[in-house]
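Enquirer: Protein chains in written order, with our numbering: chain A, 15 to 399; chain B, 465 to 981.
What the hints contain is simulated information worked out from the structure, not anything from laboratory work. It cannot be assumed that every hint is accurate.
To be verified - On the chain A side, residues computed to face chain B include the following (Cβ under 8 Å):
no., residue
1, Ile36
2, Ala144
3, Ile147
4, Leu150
5, Tyr173
6, Ala175
7, Ile177
8, Asn192
9, Asn195
10, Ala313
11, Glu343
12, Pro346
13, Leu352
14, Leu358
As the list claims (entries may be wrong) - To be clear about the criterion: a stretch of chain A counts as covered by chain B if any three or more of its residues have a C-beta under 8 Å from a C-beta of chain B, and this derived list gives those stretches:
no., segment
15, 50-58
16, 156-170
17, 368-376
Said to hold, decoys possible - Computed footprint of chain A on chain B; a stretch qualifies when at least three of its residues, placed anywhere within it, have a C-beta under 8 Å from a C-beta of chain A:
no., segment
18, 636-643
19, 744-750
Since this is a predicted model, take the numbers as computed values, not measurements. Cβ atoms here follow ideal geometry from the backbone N, Cα and C, with glycine treated the same way.
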Amino acid sequence: MSDGTTDTNRSGGLGFAVVGAILLVVMPLLNLLPPEDSWFHLSDFSLNRFGKFLAFAILALGLDLIWGYTGILSLGQGVFFGLGAYCMGMHMMLTIGKESVYGSDMPDFMVWNQVKELPFFWKPFYSFPAAVIGALLVPMAFALVFGFFAFRSRIKGVYFAIITQALALAAWLVFNRNDTNLGGTNGLTDFKQVLGYRLSEPGTQRALYVITVLCLGASYLLCQWIIRSRAGRVLVAVRDSEKRVVFSGYTPANYKLFVFVVSAGLAGLAGLLYAPQVGIITPAQIGVLPSLEMVIWVAVGGRGSLAGAVIGAVSVNYGRSVLTNYFPELWPFMLGGLFVLVVLLFPDGMVGMIRKGKDLLTRRKAGEEKPIVPNQKVVVPEGKR
Amino acid sequence: MVISLGRTLVALGIVGLLLLFEPSRAIAADGPVSAPPTASVEQALTQVASEDESIRQAAIRLLIEQGDAGLLPRLEAIRANASRSIRQAIKPLMDLLKNRAKLASPDSDVRRSAATDLGSSGNPSAIAWLDAAKVNESNKWVRYTIEESAALLRLASGDPSLKVAAAEKLGELRSGNAVPALKALVEAGAVAEATEQQKVLAKTADAAIDRIETWGDWANAIETIFRGISLSSILLIMSLGLAIVFGLMGVINMAHGELMMVGAYATFVTQQCFTAWFPPDVFDWYFPVALPVAFLAAAGSGFLLETTVIRFLYGRPLETMLATWGVSLVLMQAARVYFGDLTAVVAPGPLRGGAQVLVGVYLPYNRIFIIALSIVCVLGIYFALFKSNLGLRVRAVTQNRNMSACLGIPTRKVDSYTFAFGSGLAGIAGWALTMVGNVDPGLGQNYIVDAFMVVVTGGVGKLAGTIVASLGIGGLNKLIEPGLGAVYGKVLILVMVILFLQWRPSGLFAMKGRDAD
Chain A
15 MSDGTTDTNR SGGLGFAVVG AILLVVMPLL NLLPPEDSWF HLSDFSLNRF
65 GKFLAFAILA LGLDLIWGYT GILSLGQGVF FGLGAYCMGM HMMLTIGKES
115 VYGSDMPDFM VWNQVKELPF FWKPFYSFPA AVIGALLVPM AFALVFGFFA
165 FRSRIKGVYF AIITQALALA AWLVFNRNDT NLGGTNGLTD FKQVLGYRLS
215 EPGTQRALYV ITVLCLGASY LLCQWIIRSR AGRVLVAVRD SEKRVVFSGY
265 TPANYKLFVF VVSAGLAGLA GLLYAPQVGI ITPAQIGVLP SLEMVIWVAV
315 GGRGSLAGAV IGAVSVNYGR SVLTNYFPEL WPFMLGGLFV LVVLLFPDGM
365 VGMIRKGKDL LTRRKAGEEK PIVPNQKVVV PEGKR
Chain B
465 MVISLGRTLV ALGIVGLLLL FEPSRAIAAD GPVSAPPTAS VEQALTQVAS
515 EDESIRQAAI RLLIEQGDAG LLPRLEAIRA NASRSIRQAI KPLMDLLKNR
565 AKLASPDSDV RRSAATDLGS SGNPSAIAWL DAAKVNESNK WVRYTIEESA
615 ALLRLASGDP SLKVAAAEKL GELRSGNAVP ALKALVEAGA VAEATEQQKV
665 LAKTADAAID RIETWGDWAN AIETIFRGIS LSSILLIMSL GLAIVFGLMG
715 VINMAHGELM MVGAYATFVT QQCFTAWFPP DVFDWYFPVA LPVAFLAAAG
765 SGFLLETTVI RFLYGRPLET MLATWGVSLV LMQAARVYFG DLTAVVAPGP
815 LRGGAQVLVG VYLPYNRIFI IALSIVCVLG IYFALFKSNL GLRVRAVTQN
865 RNMSACLGIP TRKVDSYTFA FGSGLAGIAG WALTMVGNVD PGLGQNYIVD
915 AFMVVVTGGV GKLAGTIVAS LGIGGLNKLI EPGLGAVYGK VLILVMVILF
965 LQWRPSGLFA MKGRDAD
């Protein structure tokens with residue numbers, strides 16, 4: 015595992031600019047300019063799909079912050095993602111208006127469930143700013159409360175992972191209910207417009223894509239800023255030895271709570287961007303399984319590296335969409351195998367492999383036998399406290 | 465060493481199971497052979513098919529009084545050739561005669577259902593049959609049903625004094641079936657033009673309903689408690705293996721649910737082998753045979769999992785969780801591809817049905833079996849951990865791994881055997897779970913998060929913690945369920961666990977000690 019600063023310090027700025035330019039300018043232009051049959055043309059569908067992956071990448075950044083840098087495995091990120099997506103989805107449900115199947119002002123599923131009056135917690139979501147702020151603040155507030163109790167009583171390691179997994183299960187159950195007025199199993203769907211722009215227009219989707227890239231860039235910079243700050247160093251210290259952090263006079267619980275809330279906010283942002291691009295949000299996206307899958311994105315890309323989180327989220331999801339298309343039965347095998355392989359053989363993920371390859375090259379160039387410094391923390395059996 | 469202890473446990477389980485198997489009952493013929501029909505009956509038999517309504521009714525009355533089950537084939541023949549209205553008229557007659565014959569059946573369940581049917585037939589001539597059958601009845605619950613049915617029929621009869629007595633009797637019997645009829649009487653007594661007799665009857669009926677409903681609440685409470693204990697014991701059997709491994713190695717095995725699934729499928733495969741290769745009368749034996757099969761299949765899978773994956777992740781519990789989760793995905797999908805989605809195990813005879821312990825309290829045998837099994841498992845593990853050499857080593861490594869290694873305990877071997885043993889326990893849990901649900905690839909997922917919660921709440925390294933925690937979580941689950949519904953019950957339990965961990969961060973019975981990392 016890296017100490018979290020090396021890879022972004024040196025060539026980070028240039029790489030960030032290049033990747034940013036490709037994502038922000040080149041991809042939309044490839045979608046817009048070349049004729050449809052050209053080899054360079056990027057279809058609306060592909061661009062939209064890529065936008066979804068980049069939304070996931072935002073979530074992965076948050077997860078990397080908490081898992082990769084702070085060493086806290088949260089198996090409940092799907093809940094925060096879902097809260098964000100549902101906030102945005104509720105707004106878009108309300109803007110459907112009379113276009114709905116039943117021609118009522120109420121969302122279709124409420125007409126179906128014979129709900130006569132809009133529930134109170136739906137009402138603020140008529141306003142777009144409220145929905146956006148809600149998509150960020152609701153997950154953060156939730157994480158604040160949950161995290162406060164969890165970290166205060168020093169729930170950590172495996173305990174925290176299991177508690178958050180139970181949280182994901184509970185949230186999934188609650189969102190599946192019809193009486194919570196959140197659409198039940200079918201979730202929220204059939205969105206028509208956002209801020210008056212039709213979602214079926216390619217232009218709208220292109221704009222959403224660009225917004226997603228901008229948000230991703232901003233999130234990346236935010237995470238980098240956090241990691242490079244003093245607080246970031248404390249986070250890494252908490253990961254490597256929490257007791258020593260305590261002995262040095264810090265309160266790890268506060269730092270952990272802070273990073274948990276930030277990661278929840280990023281997950282909410284990802285959900286906010288996901289809902290309009292995909293056009294549906296259901297409880298199936300927020301349960302135990304999806305929450306665990308999010309962890310594998312970071313693991314594959316390389317935990318403890320922000321670029322790794324982004325690469326992992328995009329590549330795993332790309333692999334998923336290709337494989338589930340051609341071999342739907344094989345995907346769980348691949349996913350499961352990926353988990354085992356990455357954890358066993360490539361604990362630093364793709365980024366770790368690239369770095370290792372680079373090290374080999376530079377050493378060969380230098381032509382000297384540099385001692386290999388194991389970049390690992392002292393292994394302490396965490397279960398034995 | 466662990467394996468040999470496992471064997472003891474398996475043997476214990478089999479013995480327990482054998483106790484459940486009673487000698488199979490002979491299947492009896494349907495009632496006694498009757499005397500040849502008299503002339504009047506013969507005449508009635510011909511009149512039954514008459515188109516004249518009054519003649520037909522008279523014939524049916526006579527047949528009810530004098531006929532018996534021996535007439536059934538002939539009635540059937542008449543019915544086959546008759547018009548629709550005649551068929552409809554004969555049907556209740558045949559049902560009455562059939563049920564009357566069944567009252568003498570040697571199978572108590574048949575007697576009981578016949579009594580119930582007669583009670584709901586509304587035909588007063590059945591009262592005499594029921595009273596006659598009651599005299600010779602030895603089974604407590606059949607007698608109860610006979611009395612209940614007779615009282616129900618009396619309640620529907622014309623005689624007011626009989627009705628009052630019947631209402632009182634039904635209240636005494638706490639018969640839930642009588643409530644609608646009693647309520648109708650109460651309503652009849654409440655109208656303005658009700659006679660004095662009706663009012664008296666209504667008062668009696670009201671008192672009876674009160675008694676019945678009070679008892680119903682108690683019965684509900686008892687059944688809720690039973691369901692809670694039953695869920696607790698399922699959780700307990702599941703969590704025991706998890707908790708031992710967690711205590712020893714600090715590892716949560718996310719594939720534990722899928723090891724249960726392996727056990728369940730092992731049971732299923734054993735069943736299929738029995739249907740394919742053995743005569744049907746030994747079919748019930750597949751279930752005890754499946755116990756060691758399930759244990760060994762799961763233990764073998766667990767051993768493999770430990771040597772190929774977990775061993776290399778020592779000291780990295782979070783990574784172990786992720787890797788074992790990957791394994792669980794693979795196992796689940798493999799089962800889905802190989803077995804398909806819907807496979808069920810047929811419960812062996814002695815575990816079908818249930819026992820009635822009180823009026824309105826019915827305890828299914830399969831649940832009782834699981835409760836018994838959990839007790840056997842706890843005892844087995846207690847002996848394995850506290851009375852054997854290997855258990856001593858397991859406890860030593862759990863308390864202080866480095867010190868134990870210094871004293872010459874082969875810690876890796878202990879890990880590996882214990883993990884296999886814990887997995888075997890998962891297999892036993894899967895074996896038992898086939899009795900309460902389908903065998904499907906998601907079997908492990910249904911309870912696994914609850915089992916994790918049990919382990920977290922119970923704390924590490926103490927058997928008592930796991931037991932208390934599973935009783936607590938399982939019991940609360942069922943206690944909250946009637947009021948709040950299953951979903952909010954789960955949410956509430958999560959909240960309670962989090963709050964509980966505020967008070968006891970490392971579970972109920974944490975091990976005391978100091979260390980610094």
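Enquirer: Okay, which hints does this one fail, numbers in order?
Expert: 1, 2, 3, 4, 8, 9, 15, 17, 18, 19
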